[in-house]
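Going down the list, the protein sequences come from chains A and B. Numbering-wise, the first sequence is residues 1 to 112 according to the working numbering. Numbering-wise, the second sequence is residues 1 to 114 according to the working numbering.
Straight-line distance between alpha carbons at most 30 Å, and here's what the computed BS3-like set of lysine-lysine pairs gives:
no., chain 1, residue 1, chain 2, residue 2
1, B, 20, A, 42
2, A, 99, B, 41
3, A, 67, B, 41
4, B, 66, A, 99
5, B, 66, A, 42
Note that these hints are calculated values from the structure, not bench results. Everything numeric in this text was worked out from a predicted model, so none of it was measured.
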Amino acid sequence: QKEVEQNSGPLSVPEGAIASLNCTYSDRGSQSFFWYRQYSGKSPELIMSIYSNGDKEDGRFTAQLNKASQYVSLLIRDSQPSDSATYLCASELTGGGNKLTFGTGTQLKVEL
Amino acid sequence: GAVVSQHPSRVICKSGTSVKIECRSLDFQATTMFWYRQFPKKSLMLMATSNEGSKATYEQGVEKDKFLINHASLTLSTLTVTSAHPEDSSFYICSADPSGNEQFFGPGTRLTVL
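Turn these sequences into a full structure, and let the hints guide you.
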């Protein structure tokens, strides 16, 4: 069964700190990976996509991918209270018709 | 760009009635749209892939006769929950991919069946 695993949290970090969110996937055929942010009662919002091993930075966000370890992470620098949300990791199989498999999400709380 | 809208945002209906949810891509054309369902504190589960001009592809365990999908144009897909029951109460979200690389989600429709 194709799975994406995340720690449900909550992960609590103080304001200004770095939040580190982790995700593992089971299917080695996965080629594309995405991080979505979901506020309570709202739909997911795309934050980052990553397709190659290594790091990809966009503002305060850095996505990291290690295909050998089947591991994806998201770092949020200078965390703000507005970053408090659930972060969903998703993978897409090559040739999978653009279908996404989502993890259960990690709840992040940024405390003042 | 890449804006997806849904209507209605919230609907309450009686058990046994049917509910139609619309998903529109506002600034791009989408030959494929996806319908998800999310129960409280759970992740998104893909229900079906909506294909413009052809039949939808349903995921295993999703009843195609209960969840009718029509993708009549390049900017509109509809999901009809037929004979809704309380266990169908959920957050229904559609998505579309303008470039084949990244899916963008609609704001979701919260369905409550009494």
